[in-house]
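Novice: Chains as they are written, first to last, in my numbering: chain E, 1 to 355; chain S, 1001 to 1807.
Hints may be right or wrong, so weigh each one.
Only pairs whose alpha carbons sit at most 30 Å apart, straight line, appear in this in silico DSSO-like list of lysine-lysine [stated by the list, open to error]:
#1 S:K1379 with S:K1390
#2 E:K336 with S:K1061
#3 S:K1708 with E:K2
#4 S:K1680 with S:K1040
#5 S:K1061 with E:K265
#6 S:K1434 with S:K1040
#7 E:K265 with S:K1379
Calculated from the structure, these hints are not laboratory results.
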Amino acid sequence: MKIRIDNIEVEFFKDETILDCARRAGIEIPTLCHRDGVEHYASCMVCLVRVRGTNGLVPSCSALAQDGMDIDASGEEVVRMRHESVNLLLSEHRAECEAPCRIVCPAGYNIPLMNRLLGAQRFEEAVNLIRAETGGEELRCISCKAFCENACRRKKIDNPVSIRNMRIFLSLNLTDTADVTNSEPASAETVRGRFSSRTGRLDDSEQREWLKECPDNVTRHREITDFRSAAEEAVSCMHCDCRAAGDCRLRDLAGEFGLRDPGGKIANAPVTKKINRNAGLIFEHAKCIKCGLCVRICIDSQEEPAPTFINRGFVTIISEPLTGQFDDIIPSVARKCIEVCPTGALSHFEDNNTI
Amino acid sequence: MNEREEHTGTCNCDNNALSVGEIVSVVDSVVRQTGTEKDKVILILQEVQKRLNYIPSDALKHICRVTEITPGQISGVSTFYSQFRHIPSGRHTIKICAGTACHVKGSQLISEAFKRDLQITDERNASPDNLFSIEEVACLGCCTIAPVVQIDGKTYGHVRPTQVNEIVNDFLRTAAREPQHDDDKGGNDYDAEVRIGLGSCCVAGGSREILGRLLEIKEYYDLNIKVKPVGCVGVCNQTPLLEIVSPADENSRYTNVRKDQVEEILLKHIRPRSLNKRLRFRINNLADTFVSDDLVYSPVNIAADMRERTLNDFLSIQVHLATVNSGVMKPDSWEEYLLLDGFSALKTVLRSHDPASVVRIISDSGLRGRGGAGFPTGKKWGIVAAEEEKEKYVICNGDEGDPGAFMDRMLLESFPFRIIEGMLIAGYATGAEKGIFYIRAEYPLAVSRIRNALNICIEKGIVGQNILNTGFSFNIGIFEGAGAFVCGEETALIASLEGRRGTPNLRPPYPAAKGFRDKPTLVNNVETLALVPWIISNGADAFSSIGTEKSKGTKVFALAGKIARGGLIEVPMGTTIRDIVEKIGHGVAEGRSFKAVQIGGPSGGCIPESMADTPVDYEELARMGAMMGSGGMVVLDNTDCMVDMAKYFLDFTHKQSCGKCTFCRVGTKKMLDILARLTKGEADMSDIDELDKLCIDVKNGSLCGLGKTAPNPVITGLKYFREEYEAHARGLCPAKRCRDLIRYNITDKCTGCTKCFQECPVNAIAFRPYEKHEIDQELCTKCDNCRVVCPEDAIELVNLNDEDKDR
Chain E
1 MKIRIDNIEV EFFKDETILD CARRAGIEIP TLCHRDGVEH YASCMVCLVR
51 VRGTNGLVPS CSALAQDGMD IDASGEEVVR MRHESVNLLL SEHRAECEAP
101 CRIVCPAGYN IPLMNRLLGA QRFEEAVNLI RAETGGEELR CISCKAFCEN
151 ACRRKKIDNP VSIRNMRIFL SLNLTDTADV TNSEPASAET VRGRFSSRTG
201 RLDDSEQREW LKECPDNVTR HREITDFRSA AEEAVSCMHC DCRAAGDCRL
251 RDLAGEFGLR DPGGKIANAP VTKKINRNAG LIFEHAKCIK CGLCVRICID
301 SQEEPAPTFI NRGFVTIISE PLTGQFDDII PSVARKCIEV CPTGALSHFE
351 DNNTI
Chain S
1001 MNEREEHTGT CNCDNNALSV GEIVSVVDSV VRQTGTEKDK VILILQEVQK
1051 RLNYIPSDAL KHICRVTEIT PGQISGVSTF YSQFRHIPSG RHTIKICAGT
1101 ACHVKGSQLI SEAFKRDLQI TDERNASPDN LFSIEEVACL GCCTIAPVVQ
1151 IDGKTYGHVR PTQVNEIVND FLRTAAREPQ HDDDKGGNDY DAEVRIGLGS
1201 CCVAGGSREI LGRLLEIKEY YDLNIKVKPV GCVGVCNQTP LLEIVSPADE
1251 NSRYTNVRKD QVEEILLKHI RPRSLNKRLR FRINNLADTF VSDDLVYSPV
1301 NIAADMRERT LNDFLSIQVH LATVNSGVMK PDSWEEYLLL DGFSALKTVL
1351 RSHDPASVVR IISDSGLRGR GGAGFPTGKK WGIVAAEEEK EKYVICNGDE
1401 GDPGAFMDRM LLESFPFRII EGMLIAGYAT GAEKGIFYIR AEYPLAVSRI
1451 RNALNICIEK GIVGQNILNT GFSFNIGIFE GAGAFVCGEE TALIASLEGR
1501 RGTPNLRPPY PAAKGFRDKP TLVNNVETLA LVPWIISNGA DAFSSIGTEK
1551 SKGTKVFALA GKIARGGLIE VPMGTTIRDI VEKIGHGVAE GRSFKAVQIG
1601 GPSGGCIPES MADTPVDYEE LARMGAMMGS GGMVVLDNTD CMVDMAKYFL
1651 DFTHKQSCGK CTFCRVGTKK MLDILARLTK GEADMSDIDE LDKLCIDVKN
1701 GSLCGLGKTA PNPVITGLKY FREEYEAHAR GLCPAKRCRD LIRYNITDKC
1751 TGCTKCFQEC PVNAIAFRPY EKHEIDQELC TKCDNCRVVC PEDAIELVNL
1801 NDEDKDR
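Excised from the complex, chain S in its bound form (with noise of 0.2 Å):
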C-alpha cells in the first residue's frame, strides 16, 4: 500500500481514524443507557452504528464483553440485518429507492448514473473523496414522486439520470435545516388557517420551501392566520398543495404551488391587518401586473371549481376511514385529535364496555387483517383473549417492506395518535399490559411522529398507569426494525425483538398464543389498528355495510407506477381496479396504453388489463392468482415488461429470504436466474417449463409466506403473459425493455440537433450538427438519456433479433 493510499481517506479498510479506546468508549456509553441483556443487541449495534458510521470489529468484541451478548449472537445478527455495516462508508449515504414505482421509473438507471458520476465502485462503495456512498434500498416509501434518492434523510423525487451533479450540489449547499415551525400563539380568531402537506413525499416536492415562504409573507404582511403543516392528503401526485380555510368554513384548495405564487394565493384570501401594510400589497401588484404576463396564468385567477375539479376526481369514490381527517389534523397536535373526536372510542371502551364486549364488535365488524393475509381481527383478539397467561403483548407491525408501499408509513406520520389509541383499545380487548411499535429503520419520521406522540400520550396519561382512573395500565415502546422484509412474518419479528436471527418459525404454535417471551402476543397491521377506533365510535354495523360480502370495511392503497395521478387512497372493499386506475388515477400517463396491475408487491400478482373489472376483494384477488397484501398497487403500460417485472421482483424475494429452509434459499436463486437468462435472451422454452415446475414446488414447500408467495409474480405472469415470457425465449422482448435484446436507434426524424451527443455519457454518438446523428452499438450503454432529450422524438427502440417485424 503506498503512502498515498495509506490512511488518507481513499483506503476504506478497518484502520480508519478510530481508535480502540474511542470504540470502547461509545460502547461503554451506549450499553449504559440501553441495558446488558441478550435482547438488547439490535438496538445497542443501532445506537453503535449511529455514533460510530459503522460497527467496527472491535465494537463487536466489547460488546460480548460488557454484556450478556455472545459473539455467535453478535456476528448472526449483525450480518444478518442490512442496516448493519461492518465497513465505513462515505461521510453521506445516497439512497438509491429500487422499489417497484421506481424499478418502473427507472431506477436501475438513476443507480448507474450515480455510481458513474460520483466514480463509485461496487468494490470499494464510496466516491474517491469519501463524502458519499451508494446503497440500493428496497423502498423509501414515496413511490408516487418516483424515482427517489434520498441522501441522509433528505429526499428528491421525479429524479432524472441526469441530475446526479445538480442534486448532490444542491445536497451540500442546503445543510439539514430544522423543520420551521409557526410560532402557534393558540386561540382561534385567525382570518383563516392556511393548511400545507408535509408527508415525506410532499416535502420532496418542495413542500418545505412553500411553508418557509407562507411563514415569509405572513411576517411581512402581518396576516392573521394560523400557518399549518399537516399531514399526508394522499394527493401526491398534486403536491405542494395548499389548502386555505376561512372561519366561515369556504375551503379553497391549490395543487402544484410554486413558491412564487404564495404571495399571491395568500393575498387572494386574507387581507393584512394594517392599512400600510395593504397598501404594500397593492402597490406590489400593480408592479407585478405591469411587469409579467404571469398574472393571467396565475392559479389565483382560475376559477374555484376547475381547480377543484382535479382533486374532486382524485377523491370521489374515496371513503376515508382510517384515513379521516386526512389533511385536516396537524399530526403531532393532541388537542387537534382531542377535537376531532380522538380518544372517544378508547374512552367509551374503557367506560362502558368490557374486554369480551370489545372483541365482539370487532368480530361482528368483519375487519380483516390489513397486513396481507386477511386473517379475521377479531379472531385473533379472542384467541388472545382468551389465553389464561397474565402477561401478554401487543404488537403493531409498521415493517412495511413491500417496496411499492407506503401506506403504513403515511398512517403513522400522518396519524399516529389514532394508531396509538387503536393499540391501546386492543390492548383493553385482550387484556395485555404492554404494547411495541416496530417501526423500520427507513421510515425515521414515521419513529420521531410515533415517538413525539407517545411522550405527550404518556404526559397525559392516557398511556401508563391506570389510565384515565379505569384501573387499565398500558405501555408502550418503540423498536426499530433493523432492515429485514422478512421480519414482516410475525414470527421473524418476535425472534428480532428477542435479538435472534429474524428467520420464521413454523405456526403453530401461534404467536397468539405463545409469541414474544413465549407469551400470548397480539401482532396487528397499522392500518388494522388505525380503523379500530373509527368501529368503536360508529359501531360494527357501519364499518360492515361497506365493502364486499367477505371483505368488509375499506383498504389503503398506494397507487403508483405509470399512472397520471398517483397517491394514496382509501376505497371501499369492492371497488374495482378499474374504477380505481381511471377514475381516480385518471388512467395511465403519457398516452400509452394500461397493461396491468401489480397488486400485493413481490407476494402478489399481476392483474392484467382485461381482468381489470375485478373488485378489491380478498377472495377475489385471491382467486385470480393475486393477492390482496398490503396495499401496494403499481400500474403498469405497454412499456413495461412482464418478465423485467417477474425478475426484479426474484431478485427481491431471494435476497430477502432469510435461508432456512431448502425450497425458498436455493429455490428463488434458481427461478432468478431463469429469468435473468430470459431477460438476456439466453434462455428456452424447457427453461420455462423448469419455471412452471420450481413456482409450485417453492410455493408448496416453503416454510413462511415470504417462500410461499415469492412465486406469485410468475405464476400471475406466466397465467396471463406467457406468450411474452416465450417470446423472450425466442430471443424477443416485445416491450422493448430489456437491454440486452433491444437496441436503440436513431430515425430520419433526425435534424441533428446534437442534444443526443452532448448527454451521452460514454460518447457513443458522434458531432455532426444538422446530419442525422448514429449510435455506436458497440459503445452505447442503453442509459435512455438520448431518447429522453431528443426533441424530435427521433430515436426509437427496436428488438436485436427480429428487425423487420418490430418497426
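Extracted from the complex, chain E is given alone in its bound form (with noise of 0.2 Å):
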C-alpha cells in the first residue's frame, strides 16, 4: 500500500499513520501534542496536512494512511494553518518566557539563573555563570544604572532584589586560574532576538502567585559582602522566567514561524503557580497547551496520583484527581510528567533555563 507526500512515495503497513510515513520518507512535520510510544490525541493541530482530493486538513499524527493518498505537507495552505494554531495557543499563553529583569538587561545577563543558583548555595557555579557571560570582559554592572532592579516585580512588593550588587560581588570572586568557558558573552540582541511570550496584564493576587517560591521570612541585603548575604538575598527572587525557557517546544516552534506574540490574550484562568516542595513540582496553568501527555504518560501505571484532566471546553485544565492541586504526586510520577511536558506548564524548582 502507499501513498504520496510532498510527491514522494511511501509504502506503509496497515494502522500506519501519515505521520509515521512522512518520518519515513525524510519528510520533516512539526508536533507538539505527539511523542513516540504515546498514543496519538490530536489537539494541538499543529501537524496539520492537506489531503488532496478532499482538500481536507487532517492531523497527521492521527490520520491512518490510506491506499492511494496524496498529501501535502508543506504548501502554503498547511504552513499557514500550522501557524495560525501555534498563534492561538500562544493567545491563551498567559506566560512570560524571560523576566523582565532579564528583558530590559543591556547585556542579556541570566539574572533569576544567578538567583537559583546562589539561593541553592551553588557559589561555584554562580561564579562560573558571571565569568561565561561577561567572556573576560568587563562586567558592564559596574557603569549600568540597574534597569533590572527597576523593573524587578519584587519591588512591588518591598524592595528589589539587588541585583547588581550581587553580580559586582561574584565577579570580584573570578579568579585567574579558572578557565574562560567557549561561550559566548551574554547580549541583550540575543535575548531580545528570540520569540518571547509576554505574561500582559496581570491583577494584582496574579502578580502574587510568584511569591510562593519565597520563603515566609526573609532577610533582606543591600550590600552583599559574602556568599552567605548573597545567597540570603538571591532567595527573595520570585523566579519570574520560565524555568523551560531553553526547553520548550512551544517557544521553539514560535521562533521557528517568525510568529510575534499576539497581544490581547485570553483568560481561561487566572495565572497561577501550583507548587509541590515535595516532589518538586512547579504546575502553572497558565501554560498549559492541554496536549494531555502527562495524562497519557501516565496511563498505563498503577502509580496514584496521576495528573488527568478535568472541566470541558476552553476552561479544562490537569491537575491530580479528586483535589484540584498537586500536592500528593510522588516524586518518580513527577519526573515523568515534567519531561514529558512540551511547554513550561509542569516544571521542576531544578530546571534551569541555561540559554
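Take the two lone chains, each set in its own frame, and fit them into one complex as the hints suggest.
Specialist: Written as C-alpha cells, this is what we have:
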C-alpha cells in the first residue's frame, strides 16, 4: 500500500499514520502533542497536512494512511494553518519566557539563573555563570544604571532584589586560573531576538503568585559582602522567568515560524502557580496547552495520583484527581510528567534556562 | 463563619447535612445495582446524584474504593458532563431554557427576573431559603411554547418575566401528581373516543388539567367514552387539542380548549347513557343560558369547518411518514401499535428477507441520516453488515442537543414502539445482537416511554432471544446522556458509553468498523430509525418518489421562534422554506416582518428572507452556507439582531466544546469575544476582518463536526447580513436588540397611567399619574417590562449612537 507525500511515494503498513510515513520519507512535520511510544491524541493541530482530493486538513499524527492518498505536507495553506494553531495557543499563553530583569538588561545577563544558583548555595556555579556571561570582558553592571532592579517584580512587594550588587560581588571572585569557557558573552540582542511570550496584564493577586516560591521570612540585604548575604538576598527572587525557557517546544515553534507574541491574550483562568516541594514540581496553568501528554504517559502505570483532565472546553485543565491540586504527586511520577511536558507548564525547581 | 451561617442551610458548603456513613451506604447500594466495571461510571454518578442531590467528594472517593473506576477517571468524567453537581443545589431546580426559540423570545430576561426575584446570585446558586437553584439549560425541547421554565419536571410555557412569583407559588402549591389514567376497560363499543395530546409541551399548555376535567365529566354524566391520551400531534400552537372520534368515524377537533369548555364540547357529541344524567345536562345547560353570554362564543357553536381550517392549513402540505398516526395512537399502547400495522415491517423482514436484501431496500430508498450529516443510511448499514466481527452494536442517537430542536424528543415520546422496530430491523440487517438507546437526560419522559415500551416488548417476546421463532436475537439497553452536546458526535458518544470523557476521535477508523468496545457499531439518529418501518412496509420506491433527486423522503422539523403557528411538522424534501413559513406557520407573528430562518441550530446557518425559496434539500442548503442539521427551524423577524444570534450560538458551541483541539477550544472563544464586543459597541472593522479569518480557520482546522460547523452562524451572518455587523462596528444595532446600544424612551403617546412605574423592578420610572413618564437611564436595566405592559404603545427603542437617524 502506498501514499504520496509532497510527491514522494512511501509504502506503508496497516494502521500506520501519515506522520509515520512522512518520517520514513524524511519529511519533517512539526508536532507538539505527539510523542513516540504514546498513543496519539490530535490536540495541538500543529501537524496538519492537506489531503489532496478532498482538500480537507487532517492531523497527520492520527490520520491513518490510506492507499492512494496524496498528501500536501508543505504547501502555503498547510504552513499557514500550522502557524495559526501555534498563534492560537500563544493567545491563551499568559506566561513569560524571560524575566523582566533579563529583558531590560542591556547585556542580556541571566539574572534569575544566578539567583537560583546562589539560593541553592551552588556558589562555584554562580561564579562560573558570571565568567561565562562576561566572556573575559568587564562586567557591565559596574557602569550600569541597574534597569534590572527597576523592572524587578519584587519591587512591588518590598524592595527590588539587589541584583547589581550581587553580580559585582560575584565578579570579584573570578580567579584568573579558572578557564574561560567557550561561550559567547551574553548579549541583549540574543535575548531580545528570540521569540518570547509575554504575560500581558496581571492583577495584583496574580502578581503575588510568584511569591509562592519565596520563603515566608526573607532577610534582605542591600550590600552584598559575602556568599551568605548573597544567598540570603537571592531567595527573595520571584523567578519570573520560565524554567523551561530553553526547553520549550512551543517557544521553539514560535521562533521557527517567525511569529510575534499576540496581544490581547485571553484568560482561561487566573494565572497561578501550584507547587509541590516534596516532588520539586511547579505547575503553571497558564502555560498548559492541554496536550494531555502528562495524562497519557501515566495511563498504564499504577502509581497514583497521576494527572487527569478536569472540566470541559476552554476551561479544561489538568490536575491531580479529586483535589484539583498537585499536593500528593510522588517524585517519580512528577519527574515523568515534567520530562514529557512540551512547555513550561510542568517544571522542576531545579530546571534551569541556561541559554 | 458566624453562628447564623453555620449549618443552618444558608451555607452551601460540603458540610451539608450528609454524613460520611450515609454517603458510603448510598454508594454501596448503587454499586450493588450497577456493577463495578469501569464503563459504569456515568450510570453510578447519575444514581448517586439522584439520591443525594449532588455528588459529595466523599462519594467520589468511595466509588473508587469499591469499583474498578480510578480517581483520574472519576474526576475527569464527573467534571466533563454538565449533569453532575459537586455542590448541593436548592431542593428544587428551576431549569430556564436557553434554547434558540426561547432566546429570541427573551429567555435572558426571564433568567434575570428569576435570579432577581428569588435573590439567587451567581456565586451561590440557591435562594436564601435553599428551596430553589437556577440552571440555564441548553434546550428543554418545548420550543413552540417558548420561553420555557421547568421546575423539577413541571413545565411552564409562554413565561413572562413578571410571572416569577406566580409560577413559583403554583409549583409549591401543586405537588407532582400522578398522570391521570382512564381505567380502560377494553372493548370497542364506546360511543366515542376522546383524544387529548399529552406530549411534554401539551402538558405545559395545560393539557393535563383538560384530561382531568374530561375524566370528571365522564364520570359525572356517566358517558360511554374512551378518554385517550395521545402523543404529540405537532400542532403545538393550538394546544390543548381535543379530538372526538365517533364510531362512524366522524372527527371533530377543538383547539385551544379551556377547562370551562370541556363539558360543553363533550356533551355536544355524546349523550349521557341514562335518563337522569341527560336531564342533568339539560338543566345545567339551561341554567347556563340564562347566566352567561359565553355560549355565543363557545367553541361548540363555531361551525366545524371554520374550526378545522386553522388545523388543516397547518397540516395541509405535511406528509407524515416518521410521524404517521400522530395524534391517533396512545404512545404506550402495544395493542394500538399492532392494530395500526405495528411490527408488520419487522415480521416481513424476519420472515421473507435476508439481511443483505434489507440493506438493499434501505439503500434504494435513498434514506440519508437525519441527525444532520445526511450520510446515506443504506451505505452505513452495508459497511457494518460487511464486517466479519460477530459482536456488533446498534446505537440510537437520541442526544438531540440542538437548542431549538425537539423532533427526536417527540418521536421517542410519541412513537416508542416504532423506533424500537426500526432498531430491530437495523440489527437484523447488520448482524448486530445488541442495541442501545442513548437518550439525553434532559428528556425524562422520552426515557420513561422507551423504557416502558421496551419492557412490554420484552414481555411480548419481540425483543430478546429468538424473536418470533426466527433465530434472530436482539437485546436493548438504555443509556442516559449526562449533558454534553458534543456527545451527539458518534465517536464522543461512544467514548461516553465506555465511561470516558466525551472527546471525539479522528475518523477513520469509523465506528461502523471500529466503534463501541472496538466493535462494528451502527449509530443512527432517532428520526432515521423511525422511517425504517415505513420504508420496509411501503417499499423503497414509495419513499424515493417523495423528495428531490438527492434528498429523498420527508424531514421532520421543529418550527419555532417568531412564527405565528409553530409546531412539529414533517414535510417532503424539496418543500421551500417560504412555504413552510407561510403556508404552515402562517407567517411571522404580531405583524412583524420575516427576516431570516435559522436552520440546523448552532451548526447551521441563517437563510435570509430573500432566499426563502430555497428548497429543503441537503445539498441546496449546504450551497447556501447553512445545513439541514437535525431539523431545528427558528424563524427570526425584524426585531431579531443577527449579531446577537451569532453571539448566542457561539456562546453555546464555546461552552459545549470538549476542549481537545486548539482551533475549536481557543478559536470559538476568540470568535465569541469579538461578537460580544460587537454587541456592546466595543469592536471595529478590523475585528470583523479578524472574525472572517477565524471563521475559516476554525472551520478547517477543527477535529470534529462541532468545531467545523461552529462558525456557520457567523459565516452566513456575514454573508447575508454583513451591513448589520458593520453597523455594530459603528455602535448601532439596527434591530434595536443589543441592550448596550439602545435605550428605552417614553414618547408623547404616554397617558400617565403609571403601569410602567408599577412593573419597573428597579424604580427607574417615577410615579407621575396623568403626566408623561420618564425613564432614568442610569437605573434602567432594559428588562423590557415597561414596553410590554404599556397599553398605549408609548415606549420605543432608540439607538444610543445615532439618535436622529433612527426616529
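Novice: Could you tell me which of the numbered hints above are not met by this structure, giving the numbers in increasing order?
Specialist: Numbers 4, 5 and 7, in rising order.
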